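Trainee: Below are the chains, spelled out letter by letter.
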Amino acid sequence: MKALLEIQGVVVTAPVGGGRVAVLRDIDLSVKPGGVLGLVGESGAGKSMIGRLVGGVLPPAFRVDRGAMIFAERDLIGMPAAERRGLLGREIGFIPQQPMTSLNPVRNVGSLFDEHLAKLGVAGRAERRAQAVAALEAVHLPEPASLLGRYAHELSGGMCQRVLIAMAFASRPKLLVADEPTTALDVITQARIVALLGDLCRQYGTAVLFVTHDLRLAAQICDEIAVMYAGEVVERAPARDLLSTPRHPYSQALRSCSPSLDGPLARLVSLPEHMPGLGALAGMAGCRFAPRCPIADHRCAGHAPPLAENAPGRWVRAAGQCLSAALPARGDVPHGKGDAEGGGRLALAAEGLHKTFVSRHPLLFWKKRRVDAVKNVSFRLRAGEFLGIVGQSGSGKSTVARMLLGLEVPSAGRIALDGADVTGRFSAHAAERTKRIQMIFQDPQSALNPRRRVASIVTQPMEVVGRSAWPERLARAKKLLAETGLAPEMAERFPAQLSGGQRQRVNIARSLCNTPRVLVADEIVSGLDVSVQAQILNLLADLRDHHEIALVLISHDLSVVRYLCDRVIVMYRGEAVEEGETEAVFRSPRHWYTKALLAAVPPDDVNHVWDPHTASSALSRLDPAIES
Amino acid sequence: MSGGVLGVALRRIGVSLPLVFLVSVLVFVVLRLIPADPVAMSVPPNATRAEIEALRAEMGLTLPIHEQFWIWFAKAAGADFGKSIAFAQPVSRLIGQALPATIELVVVAAVFATIIGLAGGLLMYRVAGGRGEAASDLASTLIMSIPEFLWAIFFILLFGVALNILPFTGRLDAGITVGRITGFLLVDTLIQGRFGAFLNALSHLLLPSMSLALGTAPLLMRVLRSSLMEVGNEDYMMMARLRGFSERRVLVHHAFKNAFLPTLNLMGVQFSFLFGGTLLVEVIYSYPGLGSLMVQAVANTDLPVIQGVALVYAVAVLLINLGVDLAALMLNPKLRIAK
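Top line first, the protein sequences correspond to chains A and B. According to the numbering used here, the first sequence is numbered sequentially starting from 1. According to the numbering used here, the second sequence is numbered sequentially starting from 1.
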């Protein structure tokens, strides 16, 4: 069959220093009518750039130097801007990564839809309104007519994404470019959006360019996958083959560095460093993956291998030696968990934690509104034990963390640290708290003071305990850096001079400064790419082995919790609905919500059939009020 | 939804009322503290001590200070500010004559400032990154660094004296009289169908209002430009482009409404300053408004007039801010959430 979209040898360059660097190099891809091509890779791989290329919205000063992009027998690259705009929103639809901010905040759904349908040539305001209502109904949004008068901030992320999907399918496009359409959503909403997209595409015969960082998700929903690294396609293969038998060293790493919910529990293989940025690409003559490749040798620096077909339908950008060499496999290093019931010292005890938020009525100030954010949550944490708290946003898991840290005062219940009661305001037990419990912040970018050097940042907690001489602090800083896998010379750097992974290590080093007994980590790896995430997860596992540290890990990512945590608490609407040993809970969940959460995660085993419909429908039957 | 709008609006108005009261207390107290004795100014130089005391009692100045305030406040609430010492007329009549002139001047200046500010902001955004950027930066900085009274003098010299194409004193040419209906000349002349007089009044407004507008517009330009730049990186802008809308449509229908919100807040502040700016500009153009009245009253230490005009200024600033807040409420749906 003839391809719907054919990208042929495209090179896109950007200015760096005096010259230009290829941010996309020799891209060859094709999408069949009605087919689904997955573009998989980490941030900076160039996968979103391909979506922007199709839309003709490259960043300023980026330029297509070579190649063609044939869509339905017309070259999108040579086409005048006005003609291309005629195709966009009509024959080519887009679904964005951030649905909530992709709807104009000062215009309601109805006005955006009206504008969109007017561009499509639908005459008459009443007719456009009727079509908009029908389109919103088709994406299963409740009360579509009243939705037209609402704004993005009044809707959930999933609802915003449905509105955008409804808009994209209003013209029954031939091609849909979906750029990480479910990354900003929780797992259950992700399954529902994926199911919806699948249904609509089958119904209208729409082909999809599906951009994602999640290899397992791509393997389930795509026909073919192209793995991208540093602006190149490094491997192309039928989707299931790529997940089960990845051939390029990077594809293999991508799979073995992300934890999974099924299969044996093994230590993650992490890649060193991070993906080269624009500046680093400028000085790179050979293979772009070589600096991080576990099997690279002297031949790689001068030679950039071409993308070659080495079996029917399987393309790999690799030299002969790359495919024959043995890579460190996933199971090589046994992953040891701390002894859960080992009778260790009790580090943290929470009993009957309850938090009610009271807000005032806007006009009638004597009226109060009460929201029970956390209801009766209890747990005990021993030294060296890792506890995971999972649940979707709004389930109360972050409120639990804030109470443990003393940032919120519990409405009822007790918190004991190392046997000492610290319930109440932070200031009442400040000394005990700073010594015993510390927080690892979610976003290291904003948690590290940009005007301080790393040595000063990681020893910041020493300022609380009392004044320490600088040499003493510097010595402590070097020790902390060594423990978190950072080079000693990093002490002199500013946060802006570090990569995302390094910043998160600094963030962790700071939390360890006063050798606390308990760490609280709220979504600390959710902003990181999988290869960097693996480094951080392994670092936390090592810290448990070396120190008797206890960790409360708050995460929406079940596989991360499975990898690190001995025990898990599942929270739903403020309540702990299920609790137990992680393996036992995940193998045989009892509560329907835990079951729904687990079913929504795409499996690692390609032979395991995953249907997003069943994952999402179970939940909607049991709780129709849950966010759609 | 509309209940939310109404609730927020009512709350905003509810906050304004105590503010008016506080301002009136402040005006009253400050004018009691300055070393000016209204009795001494009202009696002949050869008055006896007994006569002075009698007048003091008659003017109510022997009462305790809070009773004096309540009497003044109760009357002021009914627009009775007492009698001017210098003009021997009720203060409310003086203000009533001058206020429409000043409102007319401020409104026309605000319209000019808005047009220049928004058009200039859009222009600066379009030339940003290109060759015109340095020139537009220079021009806006230059305009911004010149205070409005300097513009006033410059315009008089250029358009009034050198080119001699625009009038620069008063509200109308000497030969023209317009019957008073509302006090707003632009409105009255139109009601009476006197188109020539309308143009004459407008030409008198042109220079003073432009002087005021040029003191206000450059900041609006800059804020609009930088908000447009911020908005340019938002996801919904990319989404609008990806749905195939032209750059012009994206700018006008998607970027502008969002970028206008910070500009609107600034307009509230700036238009309040505009009222204060009339003080100098009115004197320079011999424009018979509140500013001129205030300057004369200060020169004569005419306390009742000063009190009255100061209160009118304060209420005007509160009203402008209230108006801007309500406008923001109409334009920004996020403000309408009743928490």
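Hints listed in this document are in silico derivations from the structure and should not be mistaken for laboratory results. This structure is a prediction, so every number in the text was calculated from the model and none was measured. Do not rely on the hints blindly, as some may be mistaken.
[To be verified] Counterexamples of contact, computed for chain B against chain A with all Cβ distances above 12 Å: (1) Met237; (2) Leu242; (3) Leu261; (4) Pro288; (5) Asn332.
[To be verified] Partial selection, computed: residues in chain B whose CB lies under 7 Å from chain A: (6) Asp137; (7) Asn233; (8) Tyr236; (9) Met239; (10) Arg248; (11) Pro333.
All C-beta atoms in this analysis are idealised placements derived from N, C-alpha and C, irrespective of residue type, glycine included.
Trainee: Each hint needs a verdict: does it hold in this structure or not?
Mentor: Here is what the structure says about each hint:
Distance check on methionine 237 of chain B: its Cβ comes as close as 9 Å (rounded) to a Cβ of chain A, failing to clear the 12 Å threshold; non-interface status is violated. Leucine 242 of chain B, annotated as away from the interface, has a beta carbon of chain A within 12 Å; the closest lies near 4 Å. Separation of leucine 261 of chain B from chain A is inadequate, the least Cβ-Cβ distance of about 8 Å not exceeding the 12 Å criterion. Look at proline 288 of chain B: its CB is around 42 Å from the nearest CB on chain A, clear of 12 Å, so calling it non-interface holds up.
The non-interface label for asparagine 332 of chain B is inconsistent with chain A: the shortest C-beta to C-beta separation is roughly 6 Å, within 12 Å. At its closest, the beta carbon of aspartate 137 of chain B sits 19 Å from a beta carbon of chain A; the interface hint therefore is violated under the 7 Å criterion. About 10 Å separates the beta-carbon of asparagine 233 of chain B from the nearest beta-carbon of chain A, more than 7 Å, and the hint is not met. A cut of 7 Å between beta carbons decides the hint on tyrosine 236 of chain B: the least distance to chain A is about 4 Å, and the hint holds.
Checking methionine 239 of chain B against chain A by beta carbon gives a least distance of about 4 Å; that is within 7 Å, so the hint holds. A least Cβ separation of about 11 Å between arginine 248 of chain B and chain A goes past the 7 Å threshold, and the interface hint is therefore violated. Annotation: interface hint on proline 333 of chain B holds; nearest CB of chain A at approximately 4 Å, less than 7 Å.
Going through the hint list in order, the structure does not satisfy hints 1, 2, 3, 5, 6, 7, 10.
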